[in-house]
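Chains as they are written, first to last, in full-length UniProt numbering: chain A, 1 to 275; chain B, 1 to 275; chain C, 1 to 275; chain D, 1 to 275.
Please note that a few of the clues may not be correct.
No more than 20 Å apart at the CA atoms, straight line, and that leaves these computed lysine-lysine pairs for PhoX-like [said to hold, decoys possible]:
| no. | chain 1 | residue 1 | chain 2 | residue 2 |
| --- | --- | --- | --- | --- |
| 1 | A | Lys236 | D | Lys236 |
| 2 | D | Lys114 | C | Lys114 |
| 3 | B | Lys114 | A | Lys117 |
| 4 | B | Lys236 | A | Lys148 |
| 5 | D | Lys117 | C | Lys117 |
| 6 | B | Lys236 | C | Lys236 |
| 7 | C | Lys148 | D | Lys40 |
| 8 | D | Lys53 | D | Lys40 |
| 9 | A | Lys114 | B | Lys114 |
| 10 | C | Lys117 | A | Lys117 |
Please keep in mind that the hints were generated in silico from the structure rather than gathered at the bench.
4 protein chains.
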Amino acid sequence: MIRGLTRAGVGDIGNDKDFIEKASQYGFQAVDIDPLRLIKQYGIEGSRELLLKYHMQIGCFGIPVDWQSDEATFRQGLQRLIECAAAAADLGVNKCGAYILPSNDQRALPFLIKATKRLRLCAEILGEYNIQLALEFVGSHHLRTQWKYPFIWRLDDTLEWIDMIGSSNVGLLFDSYHWHTNGLNVSDIIKLRRDQIVHVHINDAYDLPIEDLLDHERIYPGDGIIDLVGFLQSLKVIGYEGVVSQEVISSNKNQDALTLLKKTKDAFDYVFAQI
Amino acid sequence: MIRGLTRAGVGDIGNDKDFIEKASQYGFQAVDIDPLRLIKQYGIEGSRELLLKYHMQIGCFGIPVDWQSDEATFRQGLQRLIECAAAAADLGVNKCGAYILPSNDQRALPFLIKATKRLRLCAEILGEYNIQLALEFVGSHHLRTQWKYPFIWRLDDTLEWIDMIGSSNVGLLFDSYHWHTNGLNVSDIIKLRRDQIVHVHINDAYDLPIEDLLDHERIYPGDGIIDLVGFLQSLKVIGYEGVVSQEVISSNKNQDALTLLKKTKDAFDYVFAQI
Amino acid sequence: MIRGLTRAGVGDIGNDKDFIEKASQYGFQAVDIDPLRLIKQYGIEGSRELLLKYHMQIGCFGIPVDWQSDEATFRQGLQRLIECAAAAADLGVNKCGAYILPSNDQRALPFLIKATKRLRLCAEILGEYNIQLALEFVGSHHLRTQWKYPFIWRLDDTLEWIDMIGSSNVGLLFDSYHWHTNGLNVSDIIKLRRDQIVHVHINDAYDLPIEDLLDHERIYPGDGIIDLVGFLQSLKVIGYEGVVSQEVISSNKNQDALTLLKKTKDAFDYVFAQI
Amino acid sequence: MIRGLTRAGVGDIGNDKDFIEKASQYGFQAVDIDPLRLIKQYGIEGSRELLLKYHMQIGCFGIPVDWQSDEATFRQGLQRLIECAAAAADLGVNKCGAYILPSNDQRALPFLIKATKRLRLCAEILGEYNIQLALEFVGSHHLRTQWKYPFIWRLDDTLEWIDMIGSSNVGLLFDSYHWHTNGLNVSDIIKLRRDQIVHVHINDAYDLPIEDLLDHERIYPGDGIIDLVGFLQSLKVIGYEGVVSQEVISSNKNQDALTLLKKTKDAFDYVFAQI
Numbered sequence: 001m002i003r004g005l006t007r008a009g010v011g012d013i014g015n016d017k018d019f020i021e022k023a024s025q026y027g028f029q030a031v032d033i034d035p036l037r038l039i040k041q042y043g044i045e046g047s048r049e050l051l052l053k054y055h056m057q058i059g060c061f062g063i064p065v066d067w068q069s070d071e072a073t074f075r076q077g078l079q080r081l082i083e084c085a086a087a088a089a090d091l092g093v094n095k096c097g098a099y100i101l102p103s104n105d106q107r108a109l110p111f112l113i114k115a116t117k118r119l120r121l122c123a124e125i126l127g128e129y130n131i132q133l134a135l136e137f138v139g140s141h142h143l144r145t146q147w148k149y150p151f152i153w154r155l156d157d158t159l160e161w162i163d164m165i166g167s168s169n170v171g172l173l174f175d176s177y178h179w180h181t182n183g184l185n186v187s188d189i190i191k192l193r194r195d196q197i198v199h200v201h202i203n204d205a206y207d208l209p210i211e212d213l214l215d216h217e218r219i220y221p222g223d224g225i226i227d228l229v230g231f232l233q234s235l236k237v238i239g240y241e242g243v244v245s246q247e248v249i250s251s252n253k254n255q256d257a258l259t260l261l262k263k264t265k266d267a268f269d270y271v272f273a274q275i
Numbered sequence: 001m002i003r004g005l006t007r008a009g010v011g012d013i014g015n016d017k018d019f020i021e022k023a024s025q026y027g028f029q030a031v032d033i034d035p036l037r038l039i040k041q042y043g044i045e046g047s048r049e050l051l052l053k054y055h056m057q058i059g060c061f062g063i064p065v066d067w068q069s070d071e072a073t074f075r076q077g078l079q080r081l082i083e084c085a086a087a088a089a090d091l092g093v094n095k096c097g098a099y100i101l102p103s104n105d106q107r108a109l110p111f112l113i114k115a116t117k118r119l120r121l122c123a124e125i126l127g128e129y130n131i132q133l134a135l136e137f138v139g140s141h142h143l144r145t146q147w148k149y150p151f152i153w154r155l156d157d158t159l160e161w162i163d164m165i166g167s168s169n170v171g172l173l174f175d176s177y178h179w180h181t182n183g184l185n186v187s188d189i190i191k192l193r194r195d196q197i198v199h200v201h202i203n204d205a206y207d208l209p210i211e212d213l214l215d216h217e218r219i220y221p222g223d224g225i226i227d228l229v230g231f232l233q234s235l236k237v238i239g240y241e242g243v244v245s246q247e248v249i250s251s252n253k254n255q256d257a258l259t260l261l262k263k264t265k266d267a268f269d270y271v272f273a274q275i
Numbered sequence: 001m002i003r004g005l006t007r008a009g010v011g012d013i014g015n016d017k018d019f020i021e022k023a024s025q026y027g028f029q030a031v032d033i034d035p036l037r038l039i040k041q042y043g044i045e046g047s048r049e050l051l052l053k054y055h056m057q058i059g060c061f062g063i064p065v066d067w068q069s070d071e072a073t074f075r076q077g078l079q080r081l082i083e084c085a086a087a088a089a090d091l092g093v094n095k096c097g098a099y100i101l102p103s104n105d106q107r108a109l110p111f112l113i114k115a116t117k118r119l120r121l122c123a124e125i126l127g128e129y130n131i132q133l134a135l136e137f138v139g140s141h142h143l144r145t146q147w148k149y150p151f152i153w154r155l156d157d158t159l160e161w162i163d164m165i166g167s168s169n170v171g172l173l174f175d176s177y178h179w180h181t182n183g184l185n186v187s188d189i190i191k192l193r194r195d196q197i198v199h200v201h202i203n204d205a206y207d208l209p210i211e212d213l214l215d216h217e218r219i220y221p222g223d224g225i226i227d228l229v230g231f232l233q234s235l236k237v238i239g240y241e242g243v244v245s246q247e248v249i250s251s252n253k254n255q256d257a258l259t260l261l262k263k264t265k266d267a268f269d270y271v272f273a274q275i
Numbered sequence: 001m002i003r004g005l006t007r008a009g010v011g012d013i014g015n016d017k018d019f020i021e022k023a024s025q026y027g028f029q030a031v032d033i034d035p036l037r038l039i040k041q042y043g044i045e046g047s048r049e050l051l052l053k054y055h056m057q058i059g060c061f062g063i064p065v066d067w068q069s070d071e072a073t074f075r076q077g078l079q080r081l082i083e084c085a086a087a088a089a090d091l092g093v094n095k096c097g098a099y100i101l102p103s104n105d106q107r108a109l110p111f112l113i114k115a116t117k118r119l120r121l122c123a124e125i126l127g128e129y130n131i132q133l134a135l136e137f138v139g140s141h142h143l144r145t146q147w148k149y150p151f152i153w154r155l156d157d158t159l160e161w162i163d164m165i166g167s168s169n170v171g172l173l174f175d176s177y178h179w180h181t182n183g184l185n186v187s188d189i190i191k192l193r194r195d196q197i198v199h200v201h202i203n204d205a206y207d208l209p210i211e212d213l214l215d216h217e218r219i220y221p222g223d224g225i226i227d228l229v230g231f232l233q234s235l236k237v238i239g240y241e242g243v244v245s246q247e248v249i250s251s252n253k254n255q256d257a258l259t260l261l262k263k264t265k266d267a268f269d270y271v272f273a274q275i
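So that you can see chain A by itself, here it is in the shape it has in the complex (with noise of 0.2 Å):
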């Protein structure tokens, strides 16, 4: 498996060159970033030599489209999408990632359909290219209730999700946190199959009863009771040998990026060597 981060849990690490640079430093061998946005910076070549020098791979980016609002918004972000999906393959980068909100405001039956229908689109588009997309549910039990109406936070109802969407490069975005938020085990990983999971994020939990746990106060992996190492070697036993990337949501911004990067180094270190 390759070691990833995303920008939640490494602090104010910088521009993406000071990200990459720096990411590369502790051992990492992927980053989240916007491949977009590093065009922009950079150029096409200038990014692909800078991924180069670095031996850094892009893991996954975010879906750059806001898919549950109205028409108007929706339709402006395909456009977006498009260009965000050029530029993705331009880097090589093949994986995009969107979470699944446990409620919101909108009747969960409309919006459902309305959803599959959005992400059925964006698929195809991202298929054009060379993309997966990667859904990830979201199992912290108070925001299944933040809003109005409860909508899919489950594993199973995920995969009978995405089941239904129909495009062959639709899979999970598979996170330990809502793993662990809906009390499930490494017998419901090692159940599933390797080309449902498109990219997998990594951080603890506090030793909370995960009713009481805060999707924004996520810890380092290591620093909680999480049991990462059944996670990923259940991942590894199913064939997964894509990116793991970091992803400590969290209030806590206040200690210096590079004290977290060796922090997050020293965890993957601890967990990676006993999978």
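On the provided structure of chain A, position chains B, C and D as indicated by the hints.
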């Protein structure tokens, strides 16, 4: 438009042959019966001759699949579906209907996902036999809370759902009772496209608030307060020229079949004269 | 049916505004022009006012994507397609056309596969903007062998292909010239379903064997031997009520625009009077 | 990878029970037989016990549908397909194979369109039973001109076709003979994704120019010149861990079944030892 009958509202009219004969006698050009059952009774040639003799067509048959149940039951239904579709094709029948209960005992989102996949598969199979699948939304208010989880009962949601299913041979079974209990009017029909309508039911409603109308206490066209002239005129405006079948679901089963047919004929004469 | 004009057969009629004005003056209700170009010239509001002032609609715009070429070119076209679809939606335009050359220089089977995937993606994108994609089969015999590999030119093959593409917003752009060069007659039209026709072109052919008719030497409605009355009557019978655009592709470009418009108006008057 | 046998190349090995018993005796873990026929002979429970007793799985069954023929024949096949799929599901079989002849007597483009629609429908039906459809391209040169119209025989065209079909449960049946007669090498396999391979056949070829190799004169693994070690190693590299079934289609039917099994076992031992 073509005058049609279902067995609901014609009393104990006898076997399929009697039904066809009497329907013809009272000026109807279509009956909604099971083509497979007809063929099992009279053979393919016999059935064709029977229909030809009475200038009768079969309008629409009910989907012979329990698509709401467990996996094993659904799979068994698929076998019947193919048999039935083959029989329909043998008799030139090209519409199959399925009604959607407005609530049920399965969690709404997973149920929508499951139902979508199953109805899509049924539609694909029917498509091979050049048969359209007509989905009937059910507006009756008491049924919306009859079971644990509310499901789809609105026209607009049904149309979005049909679009999401994505098979080009799926459309509406549009019933005047559900149009009425949804509180819709003729302008809601005018906005539809002709190819969104696969089949049409008519029947009438008591002069009660729509919230109090029972699904199984419908009355004969003309006996109630539904604007059936407006209903059919609007369908005509958008180009619908297919079968309009009476379906009077009612607990009142005591009347004589011929009396009911006469009553139905008069009601059709009255309504059709005005459109 | 709605009287429409393309720029083929109206000489040097000036800019889009001139075209709209003169089309209106001669009794036409639709022009086939590029909505994006119109908006770039006059803005969204200005374009709407222009169309409103002359009671003009835009019938159909040409697909702004080179879907037959290499991958990079196709991808660039997608960006334009979204821009153009957004412009079309802003002006209420809901038809986009693509013609299919009856031969080309790519091996037929891989080309069909590639074209299917690309046109399906274009259709899905257009669908988001409520735009239909009209595929035009091209019957002209000399073009069937113009390039190395024969491709699709028959009505029935095109219909099967459209069905295979599987997007519900794809249909025919039905041109009288290709109907004629395919040796078809009115009974071939009567068999079609109304929803299979997205857009219609008319123009006429010299009194020559169909094998000798050149694609770029068409003549004005009424000047040739195509049974345009039968053509349009049959389309009316199956319920087509949309735009019928004249498209006289011809090497003869010398005549005055107004003379040509007058001629066209007379021809339309003559033909439309008989249907 | 799992050692498998088809009935091609094992002589007159007896009924399905004999086949299973002897396959087990010679160290094979899978047989490619018809699950419906097995159940018709031994019942569901009996079949399960039989397979369990010999630690045998069924690898892949042939599609019981004539998808190349006329409409009536195809429709009859659908009924069998569902029966067969249900039987397969009862025995845990999840692969169904169909070979694609490299030429036939139907015009290529309409045939591709028809075949796409039919195989997609078959795939959708199989998908309901969690069964994958494996399409086998056939490279044998003499078959490319055996019938009037050349069709698909290349790996890359087949992959594009599978992508166009658009059902996520369709992939390759990859046969070493067709890999060889296509003039491909290991690098062509390395480029594939694991989820593109559904099933694998091995057999060997005479030391002749690939143009002269006959489809029905294949030889036993190890007896010819195909680089089977490279073939299987490459499949292993991309993660294929499924069944590899021998299929020696040959006119030589005289040898004793057990002698052939022994020969096959030795060949598998030799090849598998090197991968």
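These are the hints, each one checked on the structure:
At most 20 Å may separate the alpha-carbon atoms for a hinted pair to count; A:Lys236 and D:Lys236 meet this at roughly 16 Å. About 16 Å separates the Cα atoms of D:Lys114 and C:Lys114, which keeps this hinted pair within 20 Å; it holds. Distance hint between B:Lys114 and A:Lys117 is fulfilled; the C-alpha atoms sit about 16 Å from each other, no more than 20 Å. Our distance criterion of 20 Å between C-alpha atoms is broken by B:Lys236 and A:Lys148, whose separation comes to about 41 Å.
Restraint check for D:Lys117 and C:Lys117: the C-alpha separation of about 14 Å stays at or below 20 Å, so the hint holds. A hinted pair counts as satisfied when its Cα atoms are at most 20 Å apart, and B:Lys236 with C:Lys236 qualifies at roughly 16 Å. A distance of roughly 53 Å separates the Cα atoms of C:Lys148 and D:Lys40; the hinted pair therefore is violated under the 20 Å criterion. At most 20 Å may separate the alpha-carbon atoms for a hinted pair to count; D:Lys53 and D:Lys40 meet this at roughly 18 Å.
For the proposed pair A:Lys114 and B:Lys114, the alpha carbon gap of about 16 Å is at most 20 Å, so the pair holds. Taking the CA atoms of C:Lys117 and A:Lys117, the gap is about 18 Å. The hint holds against a cut of 20 Å.
Checked against the numbered hints above, the structure breaks hints 4 and 7 and satisfies the rest.
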